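Undergrad: Need the complex rebuilt from these two chains, each delivered in its own frame; the hints are there to steer you.
In the order they appear, the protein sequences are chains A and B. The numbering used here puts the first residue of the first sequence at 1, with every later residue one more than the last. The numbering used here puts the first residue of the second sequence at 424, with every later residue one more than the last.
Read the hints as simulated data drawn from the structure, not as lab findings. Being a predicted model, the structure only gives us computed values, none of them experimental. It cannot be assumed that every hint is accurate.
Claimed, not checked - BS3-like, lysine-lysine: derived pairs with alpha carbons at most 27 Å apart: (1) B:449 to A:222; (2) B:425 to A:209; (3) A:209 to B:449; (4) A:70 to A:141; (5) A:209 to A:222; (6) A:209 to B:546; (7) A:221 to B:436; (8) B:471 to A:221; (9) A:222 to B:443; (10) A:276 to B:436; (11) B:443 to B:471; (12) A:59 to A:141; (13) A:133 to A:59; (14) B:471 to B:436; (15) B:436 to B:546; (16) B:546 to A:222; (17) A:209 to B:436; (18) A:133 to A:70; (19) B:443 to A:209; (20) B:471 to B:425; (21) B:425 to B:449; (22) A:59 to A:78; (23) A:221 to B:546.
As the list claims (entries may be wrong) - If you want the footprint, here are the derived chain B segments under chain A, 3+ residues with CB under 8 Å: (24) 434-447; (25) 482-490.
Said to hold, decoys possible - Partner residues are not named here, just some residues of chain A that face chain B (Cβ under 7 Å, in silico): (26) 195; (27) 200; (28) 206; (29) 281; (30) 323; (31) 326.
Heads up, the beta-carbon is just placed ideally off N, CA and C, and yes, glycines get one too.
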Amino acid sequence: MQIGRIVEGEQTYTATGPILPASLGRSKTGRKTLSALYVEDDPAWVRIVEEQLNPNGGKLFQLTSVTSIKEAKAALRKEGPDFEFDVILLDLNLPDSRDSESFDQIQLHAGDIPIVILSGEGDPNVAIGLVEKGAQDYLLKDFAHTPEVLARSLFSAVERDRILKERNELQSQLIQAEKLESLGRIAAGVAHEVKNPLAIIQMGVAFLKSEIESGDTETLKKVCDSVQAASNRAVGIIGGMVDFARDDSVQLAPSDLREVVTRSLEFLNYEIQSAKVDVVSELPQDLSRVLLDNSKMQQVVMNLVRNSIQAMQEGGGSELRICIRSERHETARNSAGLKRWVEKRGAGEVVTLEIRDHGPGIPEDRLAQVFEPFFTTKPKGKGAGLGLSVVFHIVELHGALIRVANAANPVGLITRIHFFVPV
Amino acid sequence: MKASQILIIDDDKGFASMTKLFLESKGEFEVACESDSRQALQSAREQKPDLILLDIVMPHLDGGDVHAMLSADSMLGRVPVIFLTSMVSQEDNSEDPYVRSGGNVMLPKTTPPDQLMTCIQQKISGQI
Numbered sequence: 001m002q003i004g005r006i007v008e009g010e011q012t013y014t015a016t017g018p019i020l021p022a023s024l025g026r027s028k029t030g031r032k033t034l035s036a037l038y039v040e041d042d043p044a045w046v047r048i049v050e051e052q053l054n055p056n057g058g059k060l061f062q063l064t065s066v067t068s069i070k071e072a073k074a075a076l077r078k079e080g081p082d083f084e085f086d087v088i089l090l091d092l093n094l095p096d097s098r099d100s101e102s103f104d105q106i107q108l109h110a111g112d113i114p115i116v117i118l119s120g121e122g123d124p125n126v127a128i129g130l131v132e133k134g135a136q137d138y139l140l141k142d143f144a145h146t147p148e149v150l151a152r153s154l155f156s157a158v159e160r161d162r163i164l165k166e167r168n169e170l171q172s173q174l175i176q177a178e179k180l181e182s183l184g185r186i187a188a189g190v191a192h193e194v195k196n197p198l199a200i201i202q203m204g205v206a207f208l209k210s211e212i213e214s215g216d217t218e219t220l221k222k223v224c225d226s227v228q229a230a231s232n233r234a235v236g237i238i239g240g241m242v243d244f245a246r247d248d249s250v251q252l253a254p255s256d257l258r259e260v261v262t263r264s265l266e267f268l269n270y271e272i273q274s275a276k277v278d279v280v281s282e283l284p285q286d287l288s289r290v291l292l293d294n295s296k297m298q299q300v301v302m303n304l305v306r307n308s309i310q311a312m313q314e315g316g317g318s319e320l321r322i323c324i325r326s327e328r329h330e331t332a333r334n335s336a337g338l339k340r341w342v343e344k345r346g347a348g349e350v351v352t353l354e355i356r357d358h359g360p361g362i363p364e365d366r367l368a369q370v371f372e373p374f375f376t377t378k379p380k381g382k383g384a385g386l387g388l389s390v391v392f393h394i395v396e397l398h399g400a401l402i403r404v405a406n407a408a409n410p411v412g413l414i415t416r417i418h419f420f421v422p423v
Numbered sequence: 424m425k426a427s428q429i430l431i432i433d434d435d436k437g438f439a440s441m442t443k444l445f446l447e448s449k450g451e452f453e454v455a456c457e458s459d460s461r462q463a464l465q466s467a468r469e470q471k472p473d474l475i476l477l478d479i480v481m482p483h484l485d486g487g488d489v490h491a492m493l494s495a496d497s498m499l500g501r502v503p504v505i506f507l508t509s510m511v512s513q514e515d516n517s518e519d520p521y522v523r524s525g526g527n528v529m530l531p532k533t534t535p536p537d538q539l540m541t542c543i544q545q546k547i548s549g550q551i
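Bound-form chain B, shown alone (with noise of 0.2 Å):
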């Protein structure tokens, strides 16, 4: 099977180069990050990837600015798009292990890795 292709839009270089790490051992992922967000669409435009990861607060563009330029795109406006983002938390108790919002799914950084990853399957074949 083709691995799938991920972008991980993020200013914490740390952070997605430990994710890229991560999700490239499971062996289904090719991961690019970008870290300037002004560069996000360019990047989008030539990886094409199956699922762009986006970070929320970030210098000079935000994941909000991001996401409605990605949306905008006749490219790349059907590109699911995870939000992953340090601004929620999870509810313990929720039934719902994703918060939504307008139809995406945002998931807080700390989720453990594993549950990040079966998120990411989910909506790339579009269970979720």
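Bound-form chain A, shown alone (with noise of 0.2 Å):
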């Protein structure tokens, strides 16, 4: 019996079981049928699965079935097309592993391959945790399930998949985006810093022109030193502003938080002394490095940091205070909004950025909304507002957590971003 009929662009092809909407199930090979990868060791589900799939011999799903962890990891290491999976149907006790940890190990080797679980076992804890830890789903073992359930869970998996990747696609653009802008902002202050070493390096050299014959050697040399330091020094503004600009995805490797705050201030110096802004860092000696992309990062603190110069042009103080500062779990445990984000990491050290201005803060019935993408409270022409959404975005993709506060006394906005160090 035909209940249902799938048109998908030129090609028509008629279902005998599970009716999907035509948009779902557009696999990588651009074939009408998805590849899954079924991981299980019971002969006897794979055929009601195969079943369920493929009601009445149809042909909507390519099933390869493998019955342990080892075999399912070589499968995902062959290529070709018949190892072009588009999801992976798991389940979780198998001869070589047994609960999440099979899910660990599929994970770990699946790449960006949607995962969907389907286990004999019902505890719900495990299937939030799994299902947090990047399972598309979790579903029960029933013979009954009609076959739509198992089909449009998978057809699903994989379209959710593909949106969350178009999603993260379009969300690095805009970082890409944001920071050429940004580029555009600091090539004048750049330009600026960079003149200050050049001079150095003209004046020397003028010096050493006139003076090579009867200068005395120590003076000589004095000035070959500062000629080299200057040189040294614009290289490595140009250097930075390389650095900066290049459109790399996020690789987060253990850093110093302080050399990138110290660098973004660099970049702004020039911002930061035509606004007559007084920067007070406190960046202790004794840091623990956490992880960070450096340019993604000095992206998000050169945000903030022109966000709270360009509030303070609007009144108030000219004091920025920038501080790091590291805790353990347990001290910041006792913040309300950072319990549960410290929970879930276990024990451990906080490492904390805070930037504190004397601008005029935020409407408290706003502050919930900067971080939205086109979110301004500057006038029209000072800022499109994708600066803090994208701040947001980052520090999202560094496992860290920003939050915004007003300050009373004196009146300021207090930005946090805390990193989880590892361990």
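TA: Rendered as structure tokens:
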């Protein structure tokens, strides 16, 4: 009996089972069939699932089944059209692995293939935990599954995964677009900063030319050193700008947050001084390294500092305070906002970056919106309101947490970013 | 001939000390440097310079603020000032080698050193 018809582009195919929306189910290879890897050691279940997915001999799914984690890994390593899986269906209790360990193993080797769990055990906590870890769905083995349930879950997993990847792609494009805008704005400042060392070099060389015969060696050597230092300084500034401009995917490595702050402030030096802002920074000596993408985090710090500079132009004080401090989880846990975030990560250390300005702050009823795209309190032409949404996304990619609060007495805005120190 | 007294007010100590070294090597100048713009007026009062080289973008007080304070001072109001800054660039085809603003001369920091010296001499002798 024919109960569903799917029309996709010019090709039409008929399914005799699941009724699925036409937008679902575009496979990687452009096939109209989804290729699924089924990790299951019970041959009876392989037959049931095959029947549920492809009822009456239909060909909606191309099912490849393996019976252990070891075999699954081997299949995922293989290349060729038969091994380009769109989705993985996973039983948790296998001969070589059990429970969430099975999921962890497969996730490690699945790359970007979405995973749906089909398990005989229904502990809701386990299910929630695995979905939080990234499983697309958690289904219970049920003989009475109508064909739709399993097929729909797999199709939805593929579709959700595709939308998520598309969203991430768009967000990284947004990050880069915002960065290029930022680069445009720092260009004048960078040019200014580079001219100083260049001027030193010019002056030094002129001195050397006139004094090379008569001058005393000690002074000549000193001037050579200054010229060298100045050219290093110019090279450093330009190199920093090139690093910053690079369009890379996020690459986290243990890094020193202080360097990110220092470099951000160097880049903004011209803007800071032009706006007559006094920056006070407290950067402790012995700081644990946190996982950072330096260029992306620099984008965050520059965004926040620039926002603060602009806010302070509207009145208030002229002091901008940047500090980094390290807290044990125990201390951080006392802060209401951090409690849940910290508890999820267990014992360890939190490194917090705090930026406190003396601008007018943000009206309380609008605080919750600050990270939304196109939110802005600035007058027209002073920013599209993308900065903070990009900040939020970058912070999220770092697995860090950002909080914004108004300060009273003196009035101002406090932004804190909490980084989790890897153990 | 007595050496002219020059005061450089610039927060970039590297640039100030190199300029001092260069100008003093010519034997016509004695140069003092002040890197903190808030101390500029005090230093100028102490040194009584014949000319001041003034940076523009500085923390605390910028070159404009310092210039206003100098102009308002009964002793220092007439001391010629050359703004020496990375903010302006020289127009290559301009006949006037100096960028002028409100009767003041502004020179890019990257001006060739000999030209800077000529400009200082002309400014002290009132030729520009």
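Undergrad: Next step is simple, just say for each hint if it's right about the structure.
TA: Evaluation of the provided hints:
no.	hint	in the structure
1	B:449 to A:222	18 Å, holds
2	B:425 to A:209	25 Å, holds
3	A:209 to B:449	12 Å, holds
4	A:70 to A:141	22 Å, holds
5	A:209 to A:222	14 Å, holds
6	A:209 to B:546	25 Å, holds
7	A:221 to B:436	18 Å, holds
8	B:471 to A:221	32 Å, violated
9	A:222 to B:443	13 Å, holds
10	A:276 to B:436	20 Å, holds
11	B:443 to B:471	17 Å, holds
12	A:59 to A:141	22 Å, holds
13	A:133 to A:59	31 Å, violated
14	B:471 to B:436	21 Å, holds
15	B:436 to B:546	24 Å, holds
16	B:546 to A:222	30 Å, violated
17	A:209 to B:436	22 Å, holds
18	A:133 to A:70	21 Å, holds
19	B:443 to A:209	16 Å, holds
20	B:471 to B:425	14 Å, holds
21	B:425 to B:449	13 Å, holds
22	A:59 to A:78	23 Å, holds
23	A:221 to B:546	32 Å, violated
24	434-447	holds (count 8)
25	482-490	holds (count 3)
26	195	4 Å, holds
27	200	5 Å, holds
28	206	4 Å, holds
29	281	13 Å, violated
30	323	19 Å, violated
31	326	29 Å, violated
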